[in-house]
Amino acid sequence: MKYFFVLTSFLIVCFAPFYGQIDLTIEGILDANSMHYQVFWDLRFPRILLAFLTGGILGLAGLVFQTVFRNPMSTPFTLGVASGATLFTAIAIVFGVASFVSFFAFLGSLITILILFAITSKLQDIHTTSLLLVGIALSFFYSACLMVLFFISDLSQSYEIVRFTMGSLDTVGFNDVYFMAVASFTIILITQLYKQKIKLLLVSYEFAQLKGVDVKKTNYILLFVVSISVGICVSITGPIGFIGLIVPHIMKTLYKQSSEKLIYPIFFYGGVFLVFCDLIARNIGSNSDIPIGVVTSFLGAPFFIYLILSKK
Amino acid sequence: MLKIDNFSNYILKDISFNVQKKNLIILGSNGAGKTTLAKVLSGLIETSNIHISDILLSNISYEERVSLINYIPPKLEIFDEYIKVEEFLSLSKIYDKHHIKEVLHKLQIEHLTTKNCKRLSSGESQLVLIASAILHNAKYTILDEPTSNLDPQKLKNVFELLSLKEIMQHKIIITHNLNLAYRLGFDVVFIKDGKVHFNGTSNEFFTQENLDMVYDNTVKKIENNIVVDI
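Residue numbers (numbering that gives the first Met the number 0), protein chains in the order written: chain B, 0 to 311; chain F, 0 to 229.
Rather than coming from a laboratory, the hints here were simulated on the basis of the structure.
These figures come from a predicted structure and were not determined experimentally.
We put the CB at the ideal spot given by N, CA and C, even for glycine.
If you only want the chain F side, here are some residues facing chain B, beta carbon under 8 Å, derived:
(1) SER41
(2) LEU43
(3) GLU62
(4) ARG64
(5) ASN69
(6) TYR70
(7) ILE77
(8) PHE78
(9) GLU80
(10) TYR81
(11) PHE87
(12) LEU90
Derived SDA-like pairs: lysine to any residue, alpha-carbon spacing no greater than 20 Å straight-line:
(13) LYS74(F) / SER203(B)
(14) LYS100(F) / LEU160(F)
(15) LYS194(B) / VAL65(F)
(16) LYS117(F) / TYR254(B)
(17) LYS255(B) / GLU80(F)
(18) LYS20(F) / GLY199(F)
Could you put together the complete structure from these sequences and hints?
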């Protein structure tokens with residue numbers, strides 16, 4: 000069963016770049032003078048890489064958030080990182096600095112993380128519930144600000160903001176991919192370094208503390224680093240929902256192993272899932288791509304419900 | 000020496016005692032504050048009233064505390080759905096030289112090795128917790144109602160283990176099983192309404208006179224057994 004999934008995944012990733020508005024051939028992409036060559040190396044290949052890394056980061060971030068918050072409904076966006084990015088993107092669009100959208104989006108995530116940790120460092124609470132609540136409160140605050148921006152923006156600006164919130168994997172060349180590779184490396188490195196501590200946390204906070212883990216510090220470091228990775232992600236692709244929620248759950252159900260062993264599988268299949276969704280998004284529409292966030296939810300939600308129902 | 004000085008919080012009032020001898024039994028009615036006391040002693044509730052070997056516990060880093068103190072809860076609570084008994088025990092194995100298999104054999108639960116922790120019965124999970132305490136082997140181990148869900152044979156087996164000197168260094172056992180407490184013969188601290196009501200040796204505590212006073216004539220000492228008169 001596992002081999003079947005691995006094989007299918009490789010096939011998806013290998014075939015994905017060849018299909019889209021223009022179907023490519025192998026001869027075409029090897030011929031430096033053809034249009035196929037340019038489409039493949041400048042658009043499709045970076046796009047597939049971007050999709051793969053984004054899916055991986057969001058999936059793995061979901062696992063970390065669910066572990067730290069003890070809550071299966073936590074997602075990488077639970078702390079308001081995505082709403083922060085969206086708000087700042089909206090600010091950039093409305094106030095006419097739209098060419099710096101990515102930079103503003105990252106600034107939004109970063110400021111959100113800093114505010115969160117500045118507030119929660121004042122709390123005595125050893126556990127993470129307060130952090131979660133502050134994150135949710137912050138998200139609502141951002142939504143209100145966003146409403147104001149919608150209200151004062153014109154039609155085309157509103158449209159642009161809405162498009163950002165739907166997520167997009169459009170990219171040209173490898174610049175975005177480099178940033179995403181750094182983010183991926185960071186999140187994998189931190190989860191690997193903290194693997195043993197994560198495993199102890201998976202038993203219980205008290206157990207982890209009695210085995211020598213500074214629970215509060217560990218939780219905060221994990222959330223901080225993971226949020227930065229997610230922030231980079233959101234600033235490039237916009238908030239792509241649902242992957243962080245479903246991929247960890249699907250992997251747990253399939254592998255039936257403790258979560259700290261699933262770091263690489265979750266990254267890999269999160270990536271494959273987004274590549275697959277992107278393949279559909281690029282091929283189903285007649286003349287333009289369907290927003291990626293729509294596809295992930297369309298495919299993910301029913302499958303997720305099926306899994307929950309079939310679980311004994 | 001483990002020492003607590005004048006500790007008070009929402010439930011405990013002015014608690015002071017020390018564990019001078021090897022082991023200790025903590026008794027007390029439901030809601031008296033025993034588990035809270037255990038969490039205070041083990042550092043899970045931070046205070047500056049605990050000293051271990053004359054060093055303030057709150058000044059000791061979490062990493063160093065591992066060798067000093069361990070707390071075993073009455074129930075095995077695990078967040079992750081798929082951690083196996085074996086994995087849980089290897090996370091717990093810190094100072095003990097014995098193999099996990101040997102400890103499981105002692106407790107007669109080898110058959111649980113590859114079972115999922117979430118699938119254990121409450122009695123089985125208590126045995127796994129006791130195994131984890133043995134494997135951790137901290138200087139002080141606080142066992143919170145370690146036998147409350149065990150069947151009579153398992154209870155006897157665990158009693159025999161707990162009475163062995165070489166099993167765990169210092170044992171602090173919280174229990175409602177008076178016969179177990181009596182037979183172990185450790186010093187007794189009795190908590191009532193958040194206060195230390197009695198602090199002394201086993202022989203002093205388990206006299207019929209004292210039992211009548213403490214348990215309001217519901218506990219009888221019959222032929223070297225402590226029996227609840229119901």
